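Keeping the supplied structure of chain A fixed, place chain B upon it in accordance with the hints.
Number of protein chains: 2
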Amino acid sequence: MQESKKIAVVGSGLVGSLLAIYLKKAGHTVHVFDRSPDIRNIEFSGRSINLVMSNRGWKALEDIGLDEAIRNIGIPVDKRAIHLVDSALNYQYYGKEGEAIFSLSRGILNRKMIDLAEAAGVEFFFEHKIWDVTLSDATLHIGDTERGEWDELQYDLVFGSDGAFSRVRHRMQRQSMFNYSQEFLKIGYKELHIPANADGTHKLDKNSLHIWPRGEYMLMALANTDGSFTCTLFMPHEGENSFESLKDKETLEAYFAEHFPDTADVIPDLVEDFFKNPTSYLVTMKCFPWTYEDKVALIGDACHAIVPFYGQGMNAGFEDITILHEMMQKHGNDWETIFKAYETSRKPNADAIAELSYRNFMEMSSKTADAKFLLQKKIEKWFSEKHPDKWLPLYSRVTFSLRPYAEALALGNQQNAIMEEVMKIKNIDTLWNSEVVENKIIDLLG
Amino acid sequence: MQESKKIAVVGSGLVGSLLAIYLKKAGHTVHVFDRSPDIRNIEFSGRSINLVMSNRGWKALEDIGLDEAIRNIGIPVDKRAIHLVDSALNYQYYGKEGEAIFSLSRGILNRKMIDLAEAAGVEFFFEHKIWDVTLSDATLHIGDTERGEWDELQYDLVFGSDGAFSRVRHRMQRQSMFNYSQEFLKIGYKELHIPANADGTHKLDKNSLHIWPRGEYMLMALANTDGSFTCTLFMPHEGENSFESLKDKETLEAYFAEHFPDTADVIPDLVEDFFKNPTSYLVTMKCFPWTYEDKVALIGDACHAIVPFYGQGMNAGFEDITILHEMMQKHGNDWETIFKAYETSRKPNADAIAELSYRNFMEMSSKTADAKFLLQKKIEKWFSEKHPDKWLPLYSRVTFSLRPYAEALALGNQQNAIMEEVMKIKNIDTLWNSEVVENKIIDLLG
Numbered sequence: 001m002q003e004s005k006k007i008a009v010v011g012s013g014l015v016g017s018l019l020a021i022y023l024k025k026a027g028h029t030v031h032v033f034d035r036s037p038d039i040r041n042i043e044f045s046g047r048s049i050n051l052v053m054s055n056r057g058w059k060a061l062e063d064i065g066l067d068e069a070i071r072n073i074g075i076p077v078d079k080r081a082i083h084l085v086d087s088a089l090n091y092q093y094y095g096k097e098g099e100a101i102f103s104l105s106r107g108i109l110n111r112k113m114i115d116l117a118e119a120a121g122v123e124f125f126f127e128h129k130i131w132d133v134t135l136s137d138a139t140l141h142i143g144d145t146e147r148g149e150w151d152e153l154q155y156d157l158v159f160g161s162d163g164a165f166s167r168v169r170h171r172m173q174r175q176s177m178f179n180y181s182q183e184f185l186k187i188g189y190k191e192l193h194i195p196a197n198a199d200g201t202h203k204l205d206k207n208s209l210h211i212w213p214r215g216e217y218m219l220m221a222l223a224n225t226d227g228s229f230t231c232t233l234f235m236p237h238e239g240e241n242s243f244e245s246l247k248d249k250e251t252l253e254a255y256f257a258e259h260f261p262d263t264a265d266v267i268p269d270l271v272e273d274f275f276k277n278p279t280s281y282l283v284t285m286k287c288f289p290w291t292y293e294d295k296v297a298l299i300g301d302a303c304h305a306i307v308p309f310y311g312q313g314m315n316a317g318f319e320d321i322t323i324l325h326e327m328m329q330k331h332g333n334d335w336e337t338i339f340k341a342y343e344t345s346r347k348p349n350a351d352a353i354a355e356l357s358y359r360n361f362m363e364m365s366s367k368t369a370d371a372k373f374l375l376q377k378k379i380e381k382w383f384s385e386k387h388p389d390k391w392l393p394l395y396s397r398v399t400f401s402l403r404p405y406a407e408a409l410a411l412g413n414q415q416n417a418i419m420e421e422v423m424k425i426k427n428i429d430t431l432w433n434s435e436v437v438e439n440k441i442i443d444l445l446g
Numbered sequence: 001m002q003e004s005k006k007i008a009v010v011g012s013g014l015v016g017s018l019l020a021i022y023l024k025k026a027g028h029t030v031h032v033f034d035r036s037p038d039i040r041n042i043e044f045s046g047r048s049i050n051l052v053m054s055n056r057g058w059k060a061l062e063d064i065g066l067d068e069a070i071r072n073i074g075i076p077v078d079k080r081a082i083h084l085v086d087s088a089l090n091y092q093y094y095g096k097e098g099e100a101i102f103s104l105s106r107g108i109l110n111r112k113m114i115d116l117a118e119a120a121g122v123e124f125f126f127e128h129k130i131w132d133v134t135l136s137d138a139t140l141h142i143g144d145t146e147r148g149e150w151d152e153l154q155y156d157l158v159f160g161s162d163g164a165f166s167r168v169r170h171r172m173q174r175q176s177m178f179n180y181s182q183e184f185l186k187i188g189y190k191e192l193h194i195p196a197n198a199d200g201t202h203k204l205d206k207n208s209l210h211i212w213p214r215g216e217y218m219l220m221a222l223a224n225t226d227g228s229f230t231c232t233l234f235m236p237h238e239g240e241n242s243f244e245s246l247k248d249k250e251t252l253e254a255y256f257a258e259h260f261p262d263t264a265d266v267i268p269d270l271v272e273d274f275f276k277n278p279t280s281y282l283v284t285m286k287c288f289p290w291t292y293e294d295k296v297a298l299i300g301d302a303c304h305a306i307v308p309f310y311g312q313g314m315n316a317g318f319e320d321i322t323i324l325h326e327m328m329q330k331h332g333n334d335w336e337t338i339f340k341a342y343e344t345s346r347k348p349n350a351d352a353i354a355e356l357s358y359r360n361f362m363e364m365s366s367k368t369a370d371a372k373f374l375l376q377k378k379i380e381k382w383f384s385e386k387h388p389d390k391w392l393p394l395y396s397r398v399t400f401s402l403r404p405y406a407e408a409l410a411l412g413n414q415q416n417a418i419m420e421e422v423m424k425i426k427n428i429d430t431l432w433n434s435e436v437v438e439n440k441i442i443d444l445l446g
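Read top to bottom, the protein sequences are chains A and B.
Each residue of the first sequence is one higher than the last, beginning at 1 in the numbering used here.
Each residue of the second sequence is one higher than the last, beginning at 1 in the numbering used here.
A few of these clues could be false.
Just so you know, same-sequence chains aren't split out, so a pair can sit in one copy or run between any two.
[Said to hold, decoys possible] Lysine-lysine pairs mimicking DSS-like chemistry, simulated, CA-CA at most 25 Å apart:
# : residue 1 : residue 2
1 : Lys286    : Lys186
2 : Lys286    : Lys347
3 : Lys186    : Lys295
4 : Lys340    : Lys186
Hints were generated in silico from the structure; no laboratory data involved.
Note that the coordinates shown come from a computational prediction; the quantities given were computed from them, not determined experimentally.
If we strip away everything but chain A, and leave its shape as in the complex, we get (with noise of 0.2 Å):
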């Protein structure tokens, strides 16, 4: 066990919740702060995309004994149904037999992890708002507004899992050397809802991604425990088919019977939901370094905000904590140390699924509607299924497997690069499980 330390966590959300309850099964004292009332104690809704979890994610569970707890609020998902507008539903598995992301509510996944730190023995203060932090002594600035008096903390450690917009981060930010950049997509989202049934059972498949695919616009959904689903439309901001194209009940109503028709018995609050939630905004954030000398570390969203498209927020997050508690065994109380492996190990990796995360918005909006991308899929399946040591899909690989995410990328560029060629052969959609476009494959891998 390590020397004990006073330690400030900046950020009470799911990465700040479940790092609370490693540092302090390691020993440490550990108060996390939040700027918001205890999210046990109010409505969460209105802002978020279902959670899923995925490996990477449940790695981070499973190491401290957590995972059991959290697969009994959720819902396994092994496929994506993709509804045109006009054909029956397509289903696209994502893995194997047995594979499964798992579609969770932001906020029952977040009191629940509250839970599980406060019994752990975490001591939690909320409405304290962080505006500052001196970082050469782990100070924290607290205080009610950002001009009014302010109280000052001092922890031995600080770690900021404050979010996208992070206070902790917003400091390091004005020291020289430090790399920052922030890229808003065109793309905003909305969340909608569709409710259970009267006697609880969910109105499509719940063990589905449900996609609505439209190219510049989509809308998805994801079960929730309760027999709803929780719906998100992303659409572009302004211009055609935008947010601020629908700007009353009429448009907002012509506009869903032609794009969504089969939503229609669905979404029965469409126009109140559309109308009373926010429109959010998607961004990429990137920065380094992630930690001040043996002092203050950033991890999660704080350091590596992105796109939510590849269902990885989250499970990128948790597999910071992995990382950092492997660091933690392996150099002790030497924090410096801990923190320089910590960054120098992450930030490849949160640059790779960033990126990965960035291009999957076509993928879903796009290519899934698209019988050719189906088709190449379907190859990609089959000749993965006969060759599982040779090919395993860019999904599973970054979904299923604990395999760096920076190697995931590498090899999804090459297998790109390989299905590119694949897809020219004359007749490929007679030819797609032949021997012919096996052996091509297995002569472009090299």
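Relative to the frame of chain A, chain B by itself:
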């Protein structure tokens, strides 16, 4: 003339001062704020690289009749003088006969610009620290300290010309959909000094930009009118041959004796300068948008800080003013349209000069010491003189023309691709000015 507005310009640097003159001459009331004391009353030295004015800068001065006032305080520079470790000096002319850039001391130029602005009726408020700006009503928040009491001053328009670490931009950065990046080079710089001879003459050729190219690091010097040179050492912050590694008098002297032997006579106060002057950082900063409604606009380094290796930082900032002024003449009192047209026109060009400046470090520090590169430049110059309609060297297009930077970047890329082919010609050393080469280039130009 436009309807008269009350305008605040934040930052009294070169761009802020010149912008203020333009605005004042357009009939507005103009207040310039700066957090620092009046540069005219303090010693200014120790952390600057000399500036070079070239055609874009001159254009902005000429349009408002200020070019003659500036020509008197600088020195024309028509070539690079390349100092290798153990050979005679090489000279590389920048352009055609009579084409030159203009070396100016930042302190002297800035003082002159403020004098000119005051003479035009601009009011300056030094030691007034702007900490924040309310974008929606162009209100400045001014106070002695960031956490102390602030006063509010409301304007019709606010310009942020407050440099790479702009407080005005800092507020805009907190808006949704504001894209931003800052990226530090591993290379830093330090000012050194070559004094005048006893009789006031220059110790080196004053009409050359002197470079000591050494790969990962380099020294350069630009003349001042008082017979001195401002000398700048560029090298990595850390690692081998870095600022960090030159930690005492002995190491420093041995290092200069080995790598810059011919500077021993001309930099007498090397040790004192080196350890007294700060090591400065180099950052590329990009952002977008640059404006907020009809209220606030960023200009110069505040929206596009670049590294200094093309000598275009000030020129790009002055060209911002030329374009803004063009839009003011075109769109009358419609400031929202003026601002939109200004940022739309400038953004791609700011990105292009950022890229070109970044690339030019390699050219200055490594390639100028490379015989093959010097031959390539010789071929380009020869071909360009024979076919001025077909080939304007990239440096000339950036420095001696007013064509957009983005166009220069695109054409530069094309020229690089062509020269790569040309340099593969067998016996190019002897054939360099032959018909074979001439026809090859014409052929590749298509």
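Results of checking the hints against the structure:
1. With identical chains, the CA atoms of Lys286 and Lys186 are at most 25 Å apart both within one copy (18 Å) and between copies (18 Å).
2. With identical chains, the CA atoms of Lys286 and Lys347 are at most 25 Å apart both within one copy (9 Å) and between copies (22 Å).
3. In this assembly of identical chains, the alpha carbons of Lys186 and Lys295 lie at most 25 Å apart only when taken from different copies (24 Å versus 37 Å within one copy).
4. Within a single copy, Lys340 and Lys186 get their C-alpha atoms only as close as 35 Å, which misses the 25 Å cut-off; across copies the closest is 18 Å, which meets it.
Checked against the numbered hints given earlier, the structure satisfies every one of them.
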